[in-house]
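> If you want the building blocks of each chain, they are given just below.
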Amino acid sequence: SQQGEEDPQALSIQEGENATMNCSYKTSINNLQWYRQNSGRGLVHLILIRSNEREKHSGRLRVTLDTSKKSSSLLITASRAADTASYFCATGSLQGAQKLVFGQGTRLTINP
Amino acid sequence: NAGVTQTPKFRVLKTGQSMTLLCAQDMNHEYMYWYRQDPGMGLRLIHYSVGEGTTAKGEVPDGYNVSRLKKQNFLLGLESAAPSQTSVYFCASSWAPGGGSPYEQYFGPGTRLTVT
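Protein chains in written order, with the working numbering: chain W, 1 to 112; chain V, 1 to 116.
For reference, chain W alone in the conformation it holds in the complex:
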């Protein structure tokens, strides 16, 4: 079963605009991660936020986590054409193997 549900499923914006994607999950987590997947490629880790953190930044990325609402958001500022990709959230438990549970993803298209 998929823990994370992402919203929207698809997003199309103009280059330079900001893009916001949301992820909701159902059970308690240890951390939440965001990954990017370019078409036909493997996933690339973007950022990890722990359950005791509320916000984290990495370059043009800003991630928030609200454990009371079981939700997270990923903001990409000043988008570029190269940001066109699918973005997945994945929740990690405290179990030893860190089995990630992925959402269905948001397909982001940046129009030049």
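It is worth saying that the hints were derived from the structure and are not from the lab.
Any given hint could be a false lead.
One-sided and incomplete, this derived list gives chain V residues near chain W with beta-carbon spacing under 7 Å [as the list claims (entries may be wrong)]:
| hint | residue |
| --- | --- |
| 1 | Phe10 |
| 2 | Asp38 |
| 3 | Pro39 |
| 4 | Met41 |
| 5 | Gly42 |
| 6 | Leu43 |
| 7 | Leu45 |
| 8 | Tyr103 |
| 9 | Phe107 |
| 10 | Gly108 |
| 11 | Gly110 |
For glycine and all other residues, C-beta sits at the position ideal for the given N, C-alpha and C.
Based on the hints, put chain V in the right spot on chain W.
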């Protein structure tokens, strides 16, 4: 560093045939995972390994077997392929800083498998 590599990149099988997908990592990671990704969906965990010689079932293990004889390699086997196993298969590896729970995973480029 090559990171995580997968072979083959593409494969077409007939129903009932068998095959093995190979995943190799050169980062000395303890943890390795096999996922499948179906169109419009996220990844689902098939099997995983927490170290050499150990394997465990994930969310969708039926029809697959795995082995981790060497730390750097994780093999995924399909004994009798079925059309429902048509998918893109991804391998990933991870490590645990300070011996705690592992965090981010590093993914291979994927193997696109079609079963006719």
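> Quick check: which numbered hints come out false for this structure?
As far as the earlier hints go, 1, 2, 3 are violated by this structure, in ascending order.
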